[in-house]
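S.K.: Line by line, the protein sequences give chains A and B.
According to the working numbering, the first sequence is numbered sequentially starting from 1.
According to the working numbering, the second sequence is numbered sequentially starting from 1.
None of these hints come from the bench; they were simulated from the model.
Any given hint could turn out to be false.
It does not matter which identical chain is used: a pair holds within one copy or between any two.
[Stated by the list, open to error] Below, simulated DSSO-like cross-link-like pairs (lysine-lysine); rule was C-alpha separation at most 27 Å, straight line:
1. K2 / K159
2. K288 / K305
3. K187 / K72
4. K15 / K187
5. K325 / K157
6. K334 / K303
7. K288 / K334
8. K303 / K2
9. K26 / K68
10. K334 / K159
11. K26 / K370
12. K26 / K247
13. K2 / K187
Number of protein chains: 2
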Amino acid sequence: MKTFQPPRRLQGIQKSPIRQLHDRAKPGSINLGLGEPDLPTPDIVRQTAARIVTEEQNGYTTHAGLPKLREKVAGEYPQLNLMQDNIIITAGSQEALYLALMTLIDEGEEVLIPNPGFVAYPTIVRMAGGVPRVYKMPKEKGFGFDVEEFRASLTDKIKVVVCISPSNPTGRVLSREDMRAMADALKETGIYVVSDEIYRELYFTDERPPSISEYYPRTLVINGLSKSMSMTGWRLGWLAGDADVIKSALVLHGYVTTCASTVSQKSALSYWTDEAAQARASFRQTFKERRDYLLSLIENELKLKSVAPEGAFYTMVKFGYDSIKVAETMLEEKVITVPGVAFGDEAEGYLRVSFCANKETLEEGVSRMKLAIEKLRAVQICMYGRNS
Amino acid sequence: MKTFQPPRRLQGIQKSPIRQLHDRAKPGSINLGLGEPDLPTPDIVRQTAARIVTEEQNGYTTHAGLPKLREKVAGEYPQLNLMQDNIIITAGSQEALYLALMTLIDEGEEVLIPNPGFVAYPTIVRMAGGVPRVYKMPKEKGFGFDVEEFRASLTDKIKVVVCISPSNPTGRVLSREDMRAMADALKETGIYVVSDEIYRELYFTDERPPSISEYYPRTLVINGLSKSMSMTGWRLGWLAGDADVIKSALVLHGYVTTCASTVSQKSALSYWTDEAAQARASFRQTFKERRDYLLSLIENELKLKSVAPEGAFYTMVKFGYDSIKVAETMLEEKVITVPGVAFGDEAEGYLRVSFCANKETLEEGVSRMKLAIEKLRAVQICMYGRNS
Numbered sequence: 001m002k003t004f005q006p007p008r009r010l011q012g013i014q015k016s017p018i019r020q021l022h023d024r025a026k027p028g029s030i031n032l033g034l035g036e037p038d039l040p041t042p043d044i045v046r047q048t049a050a051r052i053v054t055e056e057q058n059g060y061t062t063h064a065g066l067p068k069l070r071e072k073v074a075g076e077y078p079q080l081n082l083m084q085d086n087i088i089i090t091a092g093s094q095e096a097l098y099l100a101l102m103t104l105i106d107e108g109e110e111v112l113i114p115n116p117g118f119v120a121y122p123t124i125v126r127m128a129g130g131v132p133r134v135y136k137m138p139k140e141k142g143f144g145f146d147v148e149e150f151r152a153s154l155t156d157k158i159k160v161v162v163c164i165s166p167s168n169p170t171g172r173v174l175s176r177e178d179m180r181a182m183a184d185a186l187k188e189t190g191i192y193v194v195s196d197e198i199y200r201e202l203y204f205t206d207e208r209p210p211s212i213s214e215y216y217p218r219t220l221v222i223n224g225l226s227k228s229m230s231m232t233g234w235r236l237g238w239l240a241g242d243a244d245v246i247k248s249a250l251v252l253h254g255y256v257t258t259c260a261s262t263v264s265q266k267s268a269l270s271y272w273t274d275e276a277a278q279a280r281a282s283f284r285q286t287f288k289e290r291r292d293y294l295l296s297l298i299e300n301e302l303k304l305k306s307v308a309p310e311g312a313f314y315t316m317v318k319f320g321y322d323s324i325k326v327a328e329t330m331l332e333e334k335v336i337t338v339p340g341v342a343f344g345d346e347a348e349g350y351l352r353v354s355f356c357a358n359k360e361t362l363e364e365g366v367s368r369m370k371l372a373i374e375k376l377r378a379v380q381i382c383m384y385g386r387n388s
Numbered sequence: 001m002k003t004f005q006p007p008r009r010l011q012g013i014q015k016s017p018i019r020q021l022h023d024r025a026k027p028g029s030i031n032l033g034l035g036e037p038d039l040p041t042p043d044i045v046r047q048t049a050a051r052i053v054t055e056e057q058n059g060y061t062t063h064a065g066l067p068k069l070r071e072k073v074a075g076e077y078p079q080l081n082l083m084q085d086n087i088i089i090t091a092g093s094q095e096a097l098y099l100a101l102m103t104l105i106d107e108g109e110e111v112l113i114p115n116p117g118f119v120a121y122p123t124i125v126r127m128a129g130g131v132p133r134v135y136k137m138p139k140e141k142g143f144g145f146d147v148e149e150f151r152a153s154l155t156d157k158i159k160v161v162v163c164i165s166p167s168n169p170t171g172r173v174l175s176r177e178d179m180r181a182m183a184d185a186l187k188e189t190g191i192y193v194v195s196d197e198i199y200r201e202l203y204f205t206d207e208r209p210p211s212i213s214e215y216y217p218r219t220l221v222i223n224g225l226s227k228s229m230s231m232t233g234w235r236l237g238w239l240a241g242d243a244d245v246i247k248s249a250l251v252l253h254g255y256v257t258t259c260a261s262t263v264s265q266k267s268a269l270s271y272w273t274d275e276a277a278q279a280r281a282s283f284r285q286t287f288k289e290r291r292d293y294l295l296s297l298i299e300n301e302l303k304l305k306s307v308a309p310e311g312a313f314y315t316m317v318k319f320g321y322d323s324i325k326v327a328e329t330m331l332e333e334k335v336i337t338v339p340g341v342a343f344g345d346e347a348e349g350y351l352r353v354s355f356c357a358n359k360e361t362l363e364e365g366v367s368r369m370k371l372a373i374e375k376l377r378a379v380q381i382c383m384y385g386r387n388s
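Only chain A is shown next, with the shape it has when bound in the complex (with noise of 0.2 Å):
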């Protein structure tokens, strides 16, 4: 009898190595690896969903989603002009990204995505038959966006650029200046950015970050309520954008999951209450002074440097060589961290570092990390003498 071979599509993909790195921690390990919101799920959505449960039958909607809760999603974008038919609900906002870019992307197109960026991009322009093509976020400004790096990386194949603001792995924003000049540089390419913008209310700066689609509307913007509700089992996102990609879209979407859970549907209609928008401004100075904690004891205890986020709720610690090594060593100190190279070589030689704990588990955290930062250095020394 054959044994199981696997599709092309699928042959070589790999587990994300976030969850494999996960996977391997000890018991009792700190968790400073995975990107989930440790604060709870606002009272008004615990609430809402409570009754809903209790008191309604909880069926399909259509398959692009409820009208009510489209209808708010598409008033989320007004530089856009979205109507509910521009809108799709899905299961968490890493269906909409697997959506666009099944969607956008035909076998041997070329799609644009930051290094450092978000594993599942490389991973899921493979699987649509795509190939991904990089462009820097250079480690030497801090991991910013650099309009010379993209217009070099912007050849005529490219079909699809994609974009994130804050950025997961390394917490930087996209200012209005630099989304001008991609905006400029993708004039008249007819090139369709897919902006993933699930950190976009995690943010430590005075102004909320913008988004590409105010500059550049030929956009699908990827969201969901995982990160700013703290609902990240509640599988709540969505796709916006162009009508065309949309109904396409929308084809696939019935096919793959039919419709996004009606309970979370109902629930995700909170987002848009005083009190939501209130627990929102909570989480983000809650976010906002443990960064501030982290990058302290990282300097103060670990004496190196990392990158000062203006959102999400990573930072990368700059060690300068293997991050994989670097990376076990913490796991076997029992703190999960995630190494650089897993979101493109320009972050080799750092670890993401994320701030979803509190402050005395990040205390708890950094010194575990000390130690192996210890351990590390007696290695080098041992290989390379006292000064290497």
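Keeping the supplied structure of chain A fixed, place chain B upon it in accordance with the hints.
M.R.: Okay, now just chain B, sitting in the frame of chain A:
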């Protein structure tokens, strides 16, 4: 600027004809078209869910789903000796079907599907780059399984066979004898069977319908709670079977949806309670009574022949001509049904009529069907004369 062209995998792929028809229904229409139980989700699920959303934080589960839930699901298939690692919890059985076919089929490979059968099978096969072939469930045998037809369709090129029992659209069940014959035909071919068992808990026979996996171990089972627990909007399904296939499907699942809704996963554990078992028994009783009622109405009021289903909640009503024309005339009279041809040419001349409605609604639906039939007869007489 170029207009959007979908990639090859999505070209010619349409929204399901069931949904298309549904979208065109007039307000006030009676829906005997969609496959969604109208009975309320059992109280035990509602109470569990209300507690979970109120008291617990619902973050990501592992991609494959809650270990406890996977253990319960594995226990449903003692004949396959499954463990946790043989199970993926999915966003409804639709995602399980998508994952199974996208994981098993490579470009150009052939898949044998039942004719008639659920509309998603040929569509997803095409999205995977595969070629759908059919085995006839002959109308002359009331759409029952015919091993000669099956053997005649089983060429060397077939990589995967899809099997559904109880069937959508016909409600027919494969007997143990049918399954033994199918397994015998497949012996030593190395073919994978994808067994869609979403209607397996809705049966009107003395014995619960068997699973092909009891006779043929190289089977991937698809199931979920949508139909058996009236939980269509909760999007909770599973894929169970061979560890190597599951391992590959799990990687895809991670990039498609990350994990199924945690609220739905935790609530799904209620399935394995006495209360839920009682609810399922009561659902079966209700659907059996409705089936009998609908069949008698069709016979006595419409004077038409129909299939006596052994499971699911559909019957096939014989008209003998253009099923799209018939379904459209029904739509004009405000009753939604599905043309048989949507499920394959073997069902041309039939309508799928579901009994997901109470007796009063069924009665009103049938009286509207009667009006439509009179209209159709008038047109026929007009076109072909009284004796045509």
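S.K.: At most 27 Å between CA atoms: does that hold for K187 and K72 within a copy, between copies, both, or neither?
M.R.: The answer is neither: 29 Å in one copy and 54 Å across copies each exceed 27 Å.
S.K.: Given a CA cutoff of 27 Å, do K325 and K157 count as a within-copy pair, a between-copy pair, both, or neither?
M.R.: Classified as neither: same-chain Cα gap 36 Å, cross-chain 47 Å, threshold 27 Å.
S.K.: Taking 27 Å as the upper bound on the Cα-Cα distance, should K288 and K305 be classified as within, between, both, or neither?
M.R.: within (18 Å within a copy, 70 Å between copies)
S.K.: Could you figure out if K288 and K334 sit no more than 27 Å apart (CA to CA) within one copy, between two copies, both or neither?
M.R.: within (25 Å within a copy, 57 Å between copies)
S.K.: Could you place K303 and K2 in one of the four classes (within, between, both, neither) given a Cα distance threshold of 27 Å?
M.R.: For K303 and K2, neither the intra-copy (55 Å) nor the inter-copy (53 Å) Cα distance is at most 27 Å.
S.K.: Between K15 and K187, at a C-alpha cutoff of 27 Å, which is it: within one copy, between copies, both, or neither?
M.R.: neither (36 Å within a copy, 33 Å between copies)
S.K.: Is the C-alpha distance from K26 to K370 at most 27 Å within one copy, between copies, in both cases, or in neither?
M.R.: within (18 Å within a copy, 68 Å between copies)
S.K.: How do K26 and K68 come out at 27 Å by Cα distance, when the copy is not named: within, between, both, or neither?
M.R.: between (45 Å within a copy, 20 Å between copies)
S.K.: Check K26 against K247 for me: Cα-Cα at most 27 Å, and say if that holds within a copy, between copies, both or neither.
M.R.: Answer is between: at 22 Å across copies they meet the 27 Å cutoff, but 46 Å inside does not.
S.K.: Which holds for K334 with K303 at a C-alpha limit of 27 Å: within a copy, between copies, both or neither?
M.R.: within (20 Å within a copy, 74 Å between copies)
S.K.: As a check of your reading, is K2 near K187 (CA-CA no more than 27 Å) within one copy, between copies, both or neither?
M.R.: between (52 Å within a copy, 13 Å between copies)
S.K.: Checking K2 and K159: alpha-carbon separation at most 27 Å within a copy, between copies, both or neither?
M.R.: Between copies, since 11 Å is at most 27 Å while 39 Å is not.
The structure does not agree with the numbered hints 3, 4, 5, 8, 10 stated previously, though it agrees with the rest.
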